[in-house]
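Undergrad: Here's the letter readout for the chains.
There are 2 protein chains.
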Amino acid sequence: MDIRVQKVFEGLYALEDLRELHRQALPTGLDPDEEALYRAKLAELEGIVADLKSGTGEPKVTRIAGTIELRTREEQAINIQPIQAAGRLTLEARKAVISYGDGYSTCDACRKPFRLDKICKPPIASFHEELARFLNMDQARVVPGARRGFQAVTSSLVNPGDPVIVSALAHYTEFLAVEQAGGLVREVPLDPKNLVTPEATARKIEEVIRETGRTPALVMIDHYDYQFANEHDVAGIAKVAHQYDIPFLYNGAYTVGVMPVDGKALGADFVVGSGHKSMAAPAPSGVLATTDEWAPQVFRTTGMVGDVTSRKFGIKEVEMLGCTLMGANLIAMMASFPTVRERTAHWDEEVEKSNYFIDRLLAIEGSRVLSEYPRKHSLTKVDTTGSFDLVAKTHRRKGFFLSDELSSRGIVGEFAGATRTWKLNTFGLSWKRIRYLAETFTEVAEKYRIPITPKVTP
Amino acid sequence: MDIRVQKVFEGLYALEDLRELHRQALPTGLDPDEEALYRAKLAELEGIVADLKSGTGEPKVTRIAGTIELRTREEQAINIQPIQAAGRLTLEARKAVISYGDGYSTCDACRKPFRLDKICKPPIASFHEELARFLNMDQARVVPGARRGFQAVTSSLVNPGDPVIVSALAHYTEFLAVEQAGGLVREVPLDPKNLVTPEATARKIEEVIRETGRTPALVMIDHYDYQFANEHDVAGIAKVAHQYDIPFLYNGAYTVGVMPVDGKALGADFVVGSGHKSMAAPAPSGVLATTDEWAPQVFRTTGMVGDVTSRKFGIKEVEMLGCTLMGANLIAMMASFPTVRERTAHWDEEVEKSNYFIDRLLAIEGSRVLSEYPRKHSLTKVDTTGSFDLVAKTHRRKGFFLSDELSSRGIVGEFAGATRTWKLNTFGLSWKRIRYLAETFTEVAEKYRIPITPKVTP
Numbered sequence: 004m005d006i007r008v009q010k011v012f013e014g015l016y017a018l019e020d021l022r023e024l025h026r027q028a029l030p031t032g033l034d035p036d037e038e039a040l041y042r043a044k045l046a047e048l049e050g051i052v053a054d055l056k057s058g059t060g061e062p063k064v065t066r067i068a069g070t071i072e073l074r075t076r077e078e079q080a081i082n083i084q085p086i087q088a089a090g091r092l093t094l095e096a097r098k099a100v101i102s103y104g105d106g107y108s109t110c111d112a113c114r115k116p117f118r119l120d121k122i123c124k125p126p127i128a129s130f131h132e133e134l135a136r137f138l139n140m141d142q143a144r145v146v147p148g149a150r151r152g153f154q155a156v157t158s159s160l161v162n163p164g165d166p167v168i169v170s171a172l173a174h175y176t177e178f179l180a181v182e183q184a185g186g187l188v189r190e191v192p193l194d195p196k197n198l199v200t201p202e203a204t205a206r207k208i209e210e211v212i213r214e215t216g217r218t219p220a221l222v223m224i225d226h227y228d229y230q231f232a233n234e235h236d237v238a239g240i241a242k243v244a245h246q247y248d249i250p251f252l253y254n255g256a257y258t259v260g261v262m263p264v265d266g267k268a269l270g271a272d273f274v275v276g277s278g279h280k281s282m283a284a285p286a287p288s289g290v291l292a293t294t295d296e297w298a299p300q301v302f303r304t305t306g307m308v309g310d311v312t313s314r315k316f317g318i319k320e321v322e323m324l325g326c327t328l329m330g331a332n333l334i335a336m337m338a339s340f341p342t343v344r345e346r347t348a349h350w351d352e353e354v355e356k357s358n359y360f361i362d363r364l365l366a367i368e369g370s371r372v373l374s375e376y377p378r379k380h381s382l383t384k385v386d387t388t389g390s391f392d393l394v395a396k397t398h399r400r401k402g403f404f405l406s407d408e409l410s411s412r413g414i415v416g417e418f419a420g421a422t423r424t425w426k427l428n429t430f431g432l433s434w435k436r437i438r439y440l441a442e443t444f445t446e447v448a449e450k451y452r453i454p455i456t457p458k459v460t461p
Numbered sequence: 004m005d006i007r008v009q010k011v012f013e014g015l016y017a018l019e020d021l022r023e024l025h026r027q028a029l030p031t032g033l034d035p036d037e038e039a040l041y042r043a044k045l046a047e048l049e050g051i052v053a054d055l056k057s058g059t060g061e062p063k064v065t066r067i068a069g070t071i072e073l074r075t076r077e078e079q080a081i082n083i084q085p086i087q088a089a090g091r092l093t094l095e096a097r098k099a100v101i102s103y104g105d106g107y108s109t110c111d112a113c114r115k116p117f118r119l120d121k122i123c124k125p126p127i128a129s130f131h132e133e134l135a136r137f138l139n140m141d142q143a144r145v146v147p148g149a150r151r152g153f154q155a156v157t158s159s160l161v162n163p164g165d166p167v168i169v170s171a172l173a174h175y176t177e178f179l180a181v182e183q184a185g186g187l188v189r190e191v192p193l194d195p196k197n198l199v200t201p202e203a204t205a206r207k208i209e210e211v212i213r214e215t216g217r218t219p220a221l222v223m224i225d226h227y228d229y230q231f232a233n234e235h236d237v238a239g240i241a242k243v244a245h246q247y248d249i250p251f252l253y254n255g256a257y258t259v260g261v262m263p264v265d266g267k268a269l270g271a272d273f274v275v276g277s278g279h280k281s282m283a284a285p286a287p288s289g290v291l292a293t294t295d296e297w298a299p300q301v302f303r304t305t306g307m308v309g310d311v312t313s314r315k316f317g318i319k320e321v322e323m324l325g326c327t328l329m330g331a332n333l334i335a336m337m338a339s340f341p342t343v344r345e346r347t348a349h350w351d352e353e354v355e356k357s358n359y360f361i362d363r364l365l366a367i368e369g370s371r372v373l374s375e376y377p378r379k380h381s382l383t384k385v386d387t388t389g390s391f392d393l394v395a396k397t398h399r400r401k402g403f404f405l406s407d408e409l410s411s412r413g414i415v416g417e418f419a420g421a422t423r424t425w426k427l428n429t430f431g432l433s434w435k436r437i438r439y440l441a442e443t444f445t446e447v448a449e450k451y452r453i454p455i456t457p458k459v460t461p
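Chains A and B, in that order, give the protein sequences.
For the first sequence, our numbering begins at 4 and goes up steadily by one.
For the second sequence, our numbering begins at 4 and goes up steadily by one.
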C-alpha cells in the first residue's frame with residue numbers, strides 16, 4: 004500500500020483540526036493560546052506534507068471517533084462492487100461535502116416562500132430546473148433516495164387493495180413502496196431471455212383486471228434491473244400502460260446519472276433516479292421528476308388547517324414532507340451534476356469497457372455471463388461455477404480464495420466468498436484500470452491452471 | 004477576515020486533488036504522468052501551508068463546480084441561526100464525512116441479513132443499540148430526518164379520517180405527516196404562558212371524541228416547541244394520552260442530542276430526534292425510537308410476496324423502506340455521537356449561557372423576550388420592537404441596519420432585516436463567544452443611543 008494515501012487523509016484531518024480552531028475563535032481572530040495550538044498543528048501538517056513528498060512515514064490516524072475505521076478502498080483499490088460504482092463522489096462533490104457538511108447548511112439564505120427548491124443561494128432553485136430538463140420532464144424534486152420517490156408516487160396514486168404492476172425483477176424497495184401504500188404487487192413474468200416485454204405487461208394487466216376487477220393503479224418498471232442489468236423495453240411498456248390509462252413510473256436507479264434518459268420520449272409519467280447509486284452523490288439522495296399533468300397530484304401542497312390556530316403551510320408539499328435534502332447531500336449532488344451530465348454522453352464507452360472486461364472473463368474457460376450479452380450496461384451478473392468455483396471446491400479457503408487473490412492485487416467489491424454467481428460493476432473505470440482488472444482475473448485463472456481461450460474476433 | 008480560513012479550505016481541496024489521483028491510479032501505484040501531477044499539486048499545497056504560516060495570500064478557490072460558493076460562515080463568524088446551532092458538525096463528524104462521502108460507503112461489509120442496522124463494520128449495529136440506550140427506549144432506527152420518523156408512526160397508526168392530537172405550536176412537519184397518512188390534526192390550545200398542559204390535552208381529547216366519535220390515534224407533542232422553545236409538560240401529557248389508551252410520540256427535535264432524554268421516564272411510546280437539528284449530523288438524518296410494545300407495528304417487516312416469483316424480502320421494514328441512511332450521514336452521526344452524548348450532560352451550562360445572553364439583551368431598553376423566562380433552552384424568541392426596530396424606522400437600510408452592524412462584527416444567523424420578533428440560538432457557543440455576542444449587541448445599541456439598563460441582581 005502507498006503510505007501517501009494514509010498521509011493524504013492525515014493531511015485532510017490536520018486541516019480540519021485547524022478549521023476547528025477557527026470555529027472556536029472569536030470573529031476578531033485567534034487568541035494567543037489558539038495561535039499556539041494553530042502553530043503546533045501547522046507543524047504537524049508540515050510533517051505530513053514532507054511525508055507526502057518522500058513517500059515515507061507511519062500511519063498515525065486509523066480511526067475516527069475511536070471506532071470508525073478510515074475508508075480508503077476507493078484510493079487503495081479498484082472497486083467493482085455492483086451498487087457502489089456510480090455513487091462514488093466526484094472530486095467536486097467531495098469538496099462540496101467538506102464545505103457544506105453542517106446540518107442545515109443549505110438554509111443560510113432561505114427566504115419566502117421557505118422551501119428548499121426555491122433557494123437561490125446556493126443555486127438550488129436553478130438546479131431543480133436543470134434536473135427536470137436533464138430528464139426531459141416538467142418538474143423535479145430531490146428526495147432521500149429513489150425509494151422515497153417511489154413512495155411519494157405510490158402514496159399519491161395507490162389506494163388500499165389496488166394492484167400495482169412491477170416486474171419479476173423489481174427491486175425490493177418497489178415492493179415496500181407499494182406495501183406501504185396498502186397496494187398489492189403483481190409481477191410481470193420474464194421471457195426466456197430474462198426480459199420484461201410490453202406483450203407480457205399487457206397480458207399481466209389483463210389478467211389482473213380479470214381477477215381483481217380493478218385496473219392497476221400504476222406500472223413501475225426498471226429500465227435496467229438490479230439483478231442482471233438487462234435492458235427492458237420501457238418505452239413499449241409505457242405505451243401499453245397508457246393504453247389502459249395507467250400511469251407509468253420509470254425506475255432509473257441504474258440509468259439516471261450514467262446514461263441519457265429522456266423521460267418524455269420514453270413515455271414516463273414519473274422518472275425516479277438514485278443519487279447514491281448513479282449520480283455520484285452521498286446517501287440518501289435521489290430525484291423524482293414528473294409531468295405537469297401529474298405534478299399537482301404527487302407534488303400537491305398541504306391543505307391541512309390548524310383547528311385552533313388556523314395555521315396553514317400552503318407551499319409545503321405533502322409527499323415531500325416539506326423540505327427534503329437540506330444539506331451536504333444536495334450540494335454534493337449539485338457539485339457532481341456537471342460531471343454527471345457530461346458522463347451520460349459517454350455511456351457507449353462505459354458499455355464498451357464493460358464488454359471488454361466480460362469478454363476477457365468469458366475467455367476463462369467455464370465462465371458464463373448470466374446477463375444479456377453483449378452487455379448494454381456496466382453492471383453484470385456472471386457465473387463462475389465452471390471456473391473459479393472448481394478451484395474453491397478444493398481450496399482450504401473455499402470461495403474466499405478468489406477474494407484473497409483479488410484483494411492482494413488491489414481488486415475489491417466482489418461478494419466475498421462467492422465463486423458461483425455474483426455481480427460486478429465496471430462503471431467509471433478508465434481503460435487502464437479495466438485492462439488491469441481483466442489482467443488480474445486472467446492471472447488468477449492462470450495461477451490455478453484454468454484454461455484461457457481468448458474469444459476469436461472474426 | 005482571516006485569510007487563513009480561505010487557505011484551510013484551499014489546503015483541504017488540494018489534498019482532495021491528490022486523493023483523486025490515487026483514485027484514478029492503478030493499485031500498483033501512480034504512473035510517471037500521475038507522479039508529475041502529484042508533485043505539482045504537492046508544490047501547490049506547500050504554498051498553501053506557507054500562506055497558513057505567514058497568514059498571507061490571496062483567495063484562489065471561491066467556488067465549487069463553478070457555481071457553489073464556499074460556505075465559511077461557521078469559521079468566519081458566530082452563527083446564531085435558530086435551527087443551525089446544534090446541527091453543526093463536530094470535528095469528528097467532518098472527518099467522517101471526508102472518509103465516507105461516497106454513496107453506499109456504509110455497505111462494504113453488508114452481509115446477511117442485509118439490513119443497514121445489522122452491519123458490524125463500521126459498527127452500525129452497536130450504534131443502534133447505543134442510540135436506543137441513550138434515549139432509554141428499546142429499539143431505535145436512523146431515518147432521513149425527524150419528519151420521516153413522524154411519517155413512519157402516523158403511517159402505521161393513523162387511518163384515514165383519524166384525528167391526531169398535536170400542539171398549537173406543532174411544527175409543520177407534524178401536520179404533513181398526519182395529512183400524508185390521511186389523518187386530521189387537532190391542536191391543543193395554549194395556556195396564557197404559551198404552554199401546552201396535560202389538562203388542556205385532556206380537554207382536547209374529550210372534545211375530539213365527543214365531536215368525531217373517534218378516539219385520537221396518536222398524541223404527538225414537542226418537548227420544546229420550535230416557536231418559543233418553551234418547555235411543555237410532556238410527561239404529564241403522555242400520562243393523559245395513556246389514560247385514553249392513546250400512544251404518545253415525543254418530538255425531541257430540539258432536545259435529543261442537546262439535553263438528556265429518558266423516553267421511558269417521560270412515558271414516550273415513540274421518541275423522534277433530528278440529526279441535522281440537534282445531533283451534529285448532516286441533513287437529512289434523524290432517529291426514531293420505540294418500545295418493544297410498538298416496535299412490531301412501526302418496524303413491521305414486509306409481508307408482500309411476489310405473485311410470480313414468490314419472492315419475499317422478510318427482514319426489510321416497510322416503514323423504513325428497507326435501509327435508510329446508507330452513507331456519510333449515518334457515519335457522521337456516529338462520529339459525533341460520543342461528543343453529543345457528553346454534551347447532553349452539560350445542558351445546564353448551555354441554559355446558563357442562554358440566560359446570560361438574554362439578560363444582556365433585555366438590558367437594552369425596549370427589548371423583550373417572548374419565550375418563557377428565565378430561559379430553559381438555548382433557542383429563544385425575542386422582540387426588539389421597542390429597541391432596534393425604533394432605529395430601523397428611520398434608518399435608510401431599515402431593518403437591515405441590524406444585520407449590517409452584526410455581520411460587520413462577525414455575528415450572523417439572525418433573520419436578515421427582522422428587527423421586531425426574531426429567533427436566535429446560542430447552543431454550543433463557548434463563554435468567550437457568548438460574552439462577545441452580548442458585547443456586540445450592547446455596542447450596537449450604544450452606537451444608536453438605545454439606553455442600557457443592566458438587570459439588577461440582588
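Incorrect hints may appear among the rest.
Said to hold, decoys possible - No more than 25 Å apart at the CA atoms, straight line, and that leaves these computed lysine-lysine pairs for DSS-like:
no., chain 1, residue 1, chain 2, residue 2
1, B, Lys196, A, Lys44
2, B, Lys450, A, Lys396
3, B, Lys401, A, Lys115
4, A, Lys124, B, Lys401
5, A, Lys44, B, Lys435
6, B, Lys44, A, Lys63
7, A, Lys396, A, Lys384
8, A, Lys379, A, Lys242
9, A, Lys56, B, Lys458
10, A, Lys401, B, Lys124
11, A, Lys384, B, Lys196
12, A, Lys124, B, Lys435
13, A, Lys267, A, Lys384
14, B, Lys56, A, Lys63
15, A, Lys56, B, Lys401
16, A, Lys196, B, Lys315
17, A, Lys435, A, Lys401
18, A, Lys44, A, Lys63
19, B, Lys401, B, Lys435
20, B, Lys396, A, Lys56
21, A, Lys435, B, Lys44
22, B, Lys115, A, Lys401
23, B, Lys458, B, Lys401
24, B, Lys63, A, Lys44
25, A, Lys315, B, Lys396
26, B, Lys450, A, Lys63
27, B, Lys56, A, Lys115
28, B, Lys379, B, Lys401
29, B, Lys44, A, Lys44
30, B, Lys115, A, Lys384
31, A, Lys396, A, Lys379
Because the hints were derived from the structure by calculation, they are not lab data.
Undergrad: For each hint, tell me whether it holds in the structure or not.
TA: Cross-check of the supplied hints:
no.: 1; hint: Lys196/B with Lys44/A; verdict: 50 Å, violated
no.: 2; hint: Lys450/B with Lys396/A; verdict: 84 Å, violated
no.: 3; hint: Lys401/B with Lys115/A; verdict: 18 Å, holds
no.: 4; hint: Lys124/A with Lys401/B; verdict: 23 Å, holds
no.: 5; hint: Lys44/A with Lys435/B; verdict: 22 Å, holds
no.: 6; hint: Lys44/B with Lys63/A; verdict: 23 Å, holds
no.: 7; hint: Lys396/A with Lys384/A; verdict: 21 Å, holds
no.: 8; hint: Lys379/A with Lys242/A; verdict: 22 Å, holds
no.: 9; hint: Lys56/A with Lys458/B; verdict: 60 Å, violated
no.: 10; hint: Lys401/A with Lys124/B; verdict: 23 Å, holds
no.: 11; hint: Lys384/A with Lys196/B; verdict: 64 Å, violated
no.: 12; hint: Lys124/A with Lys435/B; verdict: 31 Å, violated
no.: 13; hint: Lys267/A with Lys384/A; verdict: 30 Å, violated
no.: 14; hint: Lys56/B with Lys63/A; verdict: 23 Å, holds
no.: 15; hint: Lys56/A with Lys401/B; verdict: 55 Å, violated
no.: 16; hint: Lys196/A with Lys315/B; verdict: 23 Å, holds
no.: 17; hint: Lys435/A with Lys401/A; verdict: 30 Å, violated
no.: 18; hint: Lys44/A with Lys63/A; verdict: 14 Å, holds
no.: 19; hint: Lys401/B with Lys435/B; verdict: 30 Å, violated
no.: 20; hint: Lys396/B with Lys56/A; verdict: 60 Å, violated
no.: 21; hint: Lys435/A with Lys44/B; verdict: 22 Å, holds
no.: 22; hint: Lys115/B with Lys401/A; verdict: 18 Å, holds
no.: 23; hint: Lys458/B with Lys401/B; verdict: 29 Å, violated
no.: 24; hint: Lys63/B with Lys44/A; verdict: 23 Å, holds
no.: 25; hint: Lys315/A with Lys396/B; verdict: 30 Å, violated
no.: 26; hint: Lys450/B with Lys63/A; verdict: 51 Å, violated
no.: 27; hint: Lys56/B with Lys115/A; verdict: 43 Å, violated
no.: 28; hint: Lys379/B with Lys401/B; verdict: 32 Å, violated
no.: 29; hint: Lys44/B with Lys44/A; verdict: 21 Å, holds
no.: 30; hint: Lys115/B with Lys384/A; verdict: 19 Å, holds
no.: 31; hint: Lys396/A with Lys379/A; verdict: 32 Å, violated
Hint check: violations occur at hints 1, 2, 9, 11, 12, 13, 15, 17, 19, 20, 23, 25, 26, 27, 28, 31; the rest are consistent with the structure.
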